[in-house]
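Undergrad: Starting from the known structure of chain A, arrange chain B on it as the hints suggest.
There are 2 protein chains.
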Amino acid sequence: MSNKKQKLTEISEIGEFGLIEHITKDIKINHKNTIKGVGDDAAVIDHGDIYSVVTTDLLVEGIHFNLIYTPLKHLGYKAVVVNLSDVYAMNATPKHITVSIAISKKFAIEHVEQIYEGINLACEQYNVDLVGGDTSSSLTGLAISVTAIGEAKKEDITYRSTANKNDIVCVTGNLGGAYMGLQLLEREKEIFKTNPDFNPSLEGNDYILQRQLKPEARRDVIEILKELDLKPTSMIDISDGLSSETLHICNKSNVGCKIFQDKIPIDLNTEKMAEEFNIDPLVAALNGGEDYELLFTIDITDLEKIKNHTMIHPIGHITDIEHGAVLITTSGQSIALQAQGWNQMKEE
Amino acid sequence: MSNKKQKLTEISEIGEFGLIEHITKDIKINHKNTIKGVGDDAAVIDHGDIYSVVTTDLLVEGIHFNLIYTPLKHLGYKAVVVNLSDVYAMNATPKHITVSIAISKKFAIEHVEQIYEGINLACEQYNVDLVGGDTSSSLTGLAISVTAIGEAKKEDITYRSTANKNDIVCVTGNLGGAYMGLQLLEREKEIFKTNPDFNPSLEGNDYILQRQLKPEARRDVIEILKELDLKPTSMIDISDGLSSETLHICNKSNVGCKIFQDKIPIDLNTEKMAEEFNIDPLVAALNGGEDYELLFTIDITDLEKIKNHTMIHPIGHITDIEHGAVLITTSGQSIALQAQGWNQMKEE
Numbered sequence: 030m031s032n033k034k035q036k037l038t039e040i041s042e043i044g045e046f047g048l049i050e051h052i053t054k055d056i057k058i059n060h061k062n063t064i065k066g067v068g069d070d071a072a073v074i075d076h077g078d079i080y081s082v083v084t085t086d087l088l089v090e091g092i093h094f095n096l097i098y099t100p101l102k103h104l105g106y107k108a109v110v111v112n113l114s115d116v117y118a119m120n121a122t123p124k125h126i127t128v129s130i131a132i133s134k135k136f137a138i139e140h141v142e143q144i145y146e147g148i149n150l151a152c153e154q155y156n157v158d159l160v161g162g163d164t165s166s167s168l169t170g171l172a173i174s175v176t177a178i179g180e181a182k183k184e185d186i187t188y189r190s191t192a193n194k195n196d197i198v199c200v201t202g203n204l205g206g207a208y209m210g211l212q213l214l215e216r217e218k219e220i221f222k223t224n225p226d227f228n229p230s231l232e233g234n235d236y237i238l239q240r241q242l243k244p245e246a247r248r249d250v251i252e253i254l255k256e257l258d259l260k261p262t263s264m265i266d267i268s269d270g271l272s273s274e275t276l277h278i279c280n281k282s283n284v285g286c287k288i289f290q291d292k293i294p295i296d297l298n299t300e301k302m303a304e305e306f307n308i309d310p311l312v313a314a315l316n317g318g319e320d321y322e323l324l325f326t327i328d329i330t331d332l333e334k335i336k337n338h339t340m341i342h343p344i345g346h347i348t349d350i351e352h353g354a355v356l357i358t359t360s361g362q363s364i365a366l367q368a369q370g371w372n373q374m375k376e377e
Numbered sequence: 030m031s032n033k034k035q036k037l038t039e040i041s042e043i044g045e046f047g048l049i050e051h052i053t054k055d056i057k058i059n060h061k062n063t064i065k066g067v068g069d070d071a072a073v074i075d076h077g078d079i080y081s082v083v084t085t086d087l088l089v090e091g092i093h094f095n096l097i098y099t100p101l102k103h104l105g106y107k108a109v110v111v112n113l114s115d116v117y118a119m120n121a122t123p124k125h126i127t128v129s130i131a132i133s134k135k136f137a138i139e140h141v142e143q144i145y146e147g148i149n150l151a152c153e154q155y156n157v158d159l160v161g162g163d164t165s166s167s168l169t170g171l172a173i174s175v176t177a178i179g180e181a182k183k184e185d186i187t188y189r190s191t192a193n194k195n196d197i198v199c200v201t202g203n204l205g206g207a208y209m210g211l212q213l214l215e216r217e218k219e220i221f222k223t224n225p226d227f228n229p230s231l232e233g234n235d236y237i238l239q240r241q242l243k244p245e246a247r248r249d250v251i252e253i254l255k256e257l258d259l260k261p262t263s264m265i266d267i268s269d270g271l272s273s274e275t276l277h278i279c280n281k282s283n284v285g286c287k288i289f290q291d292k293i294p295i296d297l298n299t300e301k302m303a304e305e306f307n308i309d310p311l312v313a314a315l316n317g318g319e320d321y322e323l324l325f326t327i328d329i330t331d332l333e334k335i336k337n338h339t340m341i342h343p344i345g346h347i348t349d350i351e352h353g354a355v356l357i358t359t360s361g362q363s364i365a366l367q368a369q370g371w372n373q374m375k376e377e
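First to last, the sequence lines map onto chains A and B.
Okay, so the first sequence: first residue is 30 according to the numbering used here, each after it adds one.
Okay, so the second sequence: first residue is 30 according to the numbering used here, each after it adds one.
It should be emphasised that the hints constitute simulated quantities derived from the structure, not laboratory data.
Check each hint, because a few of them may be wrong.
Each pair may be met inside one copy or between any two copies, as identical chains are not told apart.
Claimed, not checked - For lysine-lysine, the following DSSO-like pairs were computed, each having C-alpha atoms within a straight-line distance of at most 30 angstroms:
#  : residue 1 : residue 2
1  : K36       : K222
2  : K182      : K54
3  : K36       : K54
4  : K222      : K134
5  : K61       : K183
6  : K182      : K61
7  : K36       : K243
8  : K183      : K336
9  : K54       : K134
10 : K134      : K36
11 : K61       : K260
12 : K135      : K57
All values reported here derive from a predicted model rather than from experimental measurement.
Next up, chain A with everything else stripped away, as it sits in the complex (with noise of 0.2 angstroms):
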């Protein structure tokens, strides 16, 4: 490599976030229907009526996912959902995706065809069509990386942008399943590298596991909200933990929020294995990440539109950027939110 003689950074002094930051400050933005580039769940490209959007994800072997437990098939599936799950974010339905592959020599056709199994499930699943990719080798291990475009009417789009003082701020399904999980799967991994004849007891942790394994995006949120009448004012996917996403809305928004610790869906299975971790179930809720769950906010006026629909949880409120981001303890504290989200680079 290049300049072997300049003094350098290391990216983990800055994290991911701060490297996405820095090489995308300079930017420039040339075409007309570029109407949303860099900064939001997905990019979106006016194409008249329509408008594009477009986003894009690369999963990387030991990184994203460990092989040891994770079934090829639900990798496939879940590599197309996780970007599905920004499609949906914007408030627009996917259409098409690209896959590319690199693999390295360990695997064998069948393992191919276990990951494109799982890649085909969730088009059908979710109606979205495979129209093209890449495949290579790799010297090391699998990279899996997918593009998804979806479509929307142009009022429809919703960016992370736009939160307003007072809005309700919304979250759905529950949050904190897929960490733990993950934590699961992790435990049962060292035990079984330790003791090969063990065998993982992974049995009545079934929810968990799926959360982590075979996540769902939320295309039934996005029908509903469209029966409902009902265009949030701004929305994100979950990928990262609850607080990062909600500081990604304050940030963009120049708000802040008050999130109510006892407003934050848990799942019982989440909590039960939380509990045997010794981990507090919040912390998984705010900081674990890959829930794929959508957090958005709503004019308080359409507040009374969505309590019939119990996957839908309200959370909190908008403030003025003064007050921060905070989160409200059940002993009625505040606590500034932190985004701690899962943040590889700065774990390493």
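TA: What follows is chain B alone, placed relative to chain A:
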């Protein structure tokens, strides 16, 4: 990994093209606006009068590039250009790209900056907006995934599958240079490995080195074709070598072709280096790949239009499928074209 007991088939048994065919054979297309899925330089999506084309490539360290001799800035530039080349090959204009990178700990911020300098330069040169992406860690080397999205009028899109009997086969620029550049770089690398004090003798070989390290896409050709009001009957870009790409057009169009050896454009620098390496320059042109020139067919009545354009070379014509795809050598022999291509998966 699962299914350890299953009988497994090594990917090398069928190669990259075989694998792609295998995993794409069951793909179903559900959306009416998916005009073209897998099987051309790019996918085509209908957005009314304007069609979008989408293409993606995943470049992996040690397979597609070697950082010993690849400047990171050039790498970023090339990663974009190879995708733009696919967009031009659809007779479309690239407008947007997304870039995902996975980087291991050996990379510092300054290295990532260099990659993005190249990416941004390519965006500037080709008037393309970088609109999204993903940044993540990698346990091993560097991986770059680029998706390019372009636009064309519905009637301008040019596929691989629409060549007709008696059409003239044309190729732009010259062929084999990128391959000879790679041979030179690989040779100097080997010498350098045994003697680190050795100074690589790359001087005077700028042309073929640039062809390998910093190739350009043929935006100029697409513009000239528009000026000439000339729509090719079929088109593809040359990433895997003239043989392989010619066969793609013939197979997809159900035609044969005659390509004449003495018409294949080869630069003097390429010939010189081929001589030094005892490589037949014809082999470099047919099977070398990475030239990113355009290969297209035109109706014979359009031949007049290109005669003053020295960068466009008629090299043969389309025949009935029964005659096969053949090369007519300088001595008059007829040899079947073979898709050696740049088939990493079979090489391993």
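Undergrad: Any hints from earlier that this structure breaks? Give me their numbers in increasing order, please.
TA: Violated hints: none; all satisfied.
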